[in-house]
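Peer 1: Chain by chain, the residues:
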Amino acid sequence: MTSDNNATPLIEVRNLKEYFPINTGWFRTTPLKAVDDVSFDIMKGETLGLVGESGCGKTTVGRTILFLYEPTSGEVIYDGKPIKTKEDIKQYRTKSTMVFQDPYSSLNPRMTVSDIIGEPLDVHKMYANAAEREERILELMDHVGLNSEHASRYAHEFSGGQRQRIGIARSLAINPEFIVCDEPVSALDVSIQAQVINMFDELQDKLGLTYLFIAHDLLVVRHISDRIAVMYLGKMVELADADEIYEHPLHPYTKSLISAVPIPDPKIARSNQRIPLVGDIPSPLNAPSGCPFRTRCQYATDACAESMPTFEEISSGHFVACHRVNEIND
Amino acid sequence: MALLEVKDLHTSFFTDAGEVKAVNGVSFNLDRGKVLGIVGESGSGKSVTAYSIMQILAPAGKIVSGSIKLDGQELVGAGERVMRDVRGNKISIIFQDPMTSLNPTYTIGRQLMEAILLHTNRNRQEAWDRAIEMLRLVNINEPEKRMKQYPHEHSGGMRQRIMIAMALACEPDILIADEPTTALDVTIQAQILELMQKLQKEMGMAIIMITHDLGVVAQMCDEIVVMYAGSYCERGTADEIFYNPRHEYTKGLLRSIPTVSTMGQKLQPITGTPIDLLNLPEGCPFAPRCDAAMKICIKKAPESMDINENHKASCWMNVADQAKQGGAQSASVAAQPSSDSSQPDVVQPASASSAVQTADSQTSDSSDTSDAFPQTDSTDKGGAQ
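First to last, the sequence lines map onto chains Y and P. Our numbering puts the first residue of the first sequence at 1, with every later residue one more than the last. Our numbering puts the first residue of the second sequence at 1001, with every later residue one more than the last.
Don't take every hint at face value.
Claimed, not checked - Sample of chain P residues at the chain Y side, in silico, Cβ under 10 Å: (1) S1042; (2) T1107; (3) G1157; (4) M1220; (5) S1256.
Because the hints were derived from the structure by calculation, they are not lab data. Note that the Cβ used here is the ideal one computed from N, Cα and C, for glycine as well.
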């Protein structure tokens, strides 16, 4: 799509950390390292896919970037300007927003559709009079394919796909430049999922949006993303162009993850060689020392237990964090 | 003879708002050692079909008509005594959510032993040994320790493996897996699917795999039934369904999943929204969302037609196609050349006799007594009792 020709980063994330204190005794707390030293850029107009198993910290990354959680440390730079003060955050929130996973619990059941979509307009006082507000709401509903007669209805009257459209219209209300989409299609049926994915595509073309697209369905992520980042236990393990990461995954975790995706084609599925992962993802409360993946990695050596591999650029635009990346992929 | 024969099954839920026809004339056969996939979106009736086979429907649900034969024995209206022997012993079920389908107040061991003690002549020590053997079979480390632990001490993947161990403890002929991996991550999903395939080969049981994930179906299943709004659209071998789909819904479903070949292109979604089961249309339930819908589709529900010996579909398009080819395949299609403009009402469905109106009088009589059994009867799967 657009990543190569205008490669100015819209969002730069630098050494982002988000630790949650967990009570582990009467007067003791242990930090749960949900996101541990993550750095990446999102270019203007691109879609960055973020994948990983549940509990790997992908949702926390999305929320921390939007300052829904206060970062423990690290920096978010928006359009070249670091966001530090409360005033910065307020300003930033008029340009960035979020679409939530569950269209059933993210809409207030006591509000009509027009109130839900109009709420961000009210918060940011983005209209001069009631007529202008009304007009803007109808325009937004039109963007996402809802009829104007739906405006006075309540969320429970809609199906899952239509509710997700309401949620997206609400996100678009402030004219954002950047949207964090947190598993926006995983609660939807296959046939509806395709409608919503197409809508994300169309809105991006029409409004020049930049997405951080968080999902666990790798086929969907590949379809929508320009670049894909893979996370494991709070750390980023690989980042590359969507096609590159699928065709030449370098990190052992990414390899297993991609080979585990069931392919909807019986002949390919029967011949598909999976790289099975043994065991479960370790608890982030006592993550393994060194590389977090070493407990499930078939290539792990003593060196992997000692230090966390650096996240470095192996080839152009392809970042990997693995000590043995060169040996494994020879 | 097929191990399980389901014929023209109708299951309804009688709610305050009216009768919800959750399953509307589903038929299929399952042979020994085969894997059958039931695919459909939420509300298509795939889980209700499974619950009807086990007769563990919610109190408002009732098998209205149809026949379910296990090894020649009729189960519809067979009574609770027969069903108790079937459930957990001959047919087992694994539920979607491993987090809620184990009882949190009992140890893993107690829940595993319950079915073994109920259905076999083993004493407690033998049942304990059998349970440990089952845990080993599903690759759980330190089974002796796990037996004394509670469900919350296990991860999602482990709980699902414990559910599988529980379901297989009595060596059932059929394992029904109701979305067994939907709640799990892909890497864990791959582990569970591989385990199920391995156990199926070793134990030779048949599996009914209920899922909405076409990838899982492609990997696991020999035969596939596609359902929409309670009716079945088509059934056939996996290759037939994926490479030669003959129902517009299946075609739409296959078009709407992203694959390598759709990269950089728009997906082609099925338009519209899912149907309201309280107000089913007169004709084909998929007609309101179907791009190829003809006049007859709105008026009359299509009946099952043979595409070939491995493939049946219920779609008027096939009648129109066959008519265009001069009724080449099944000669019994007394069709006039039909296009969208001409009235294809006169077209008689071909092999309707194979699927409909075969519920014998015995079944329809007894269906009244086959009242809904409360869901809690499925306690061999770890319900609270």
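Peer 1: State the violated hints by number, sorted upward, taking the hints as numbered earlier in the document.
Peer 2: The structure conflicts with hint 2 only, although it agrees with all the remaining ones.
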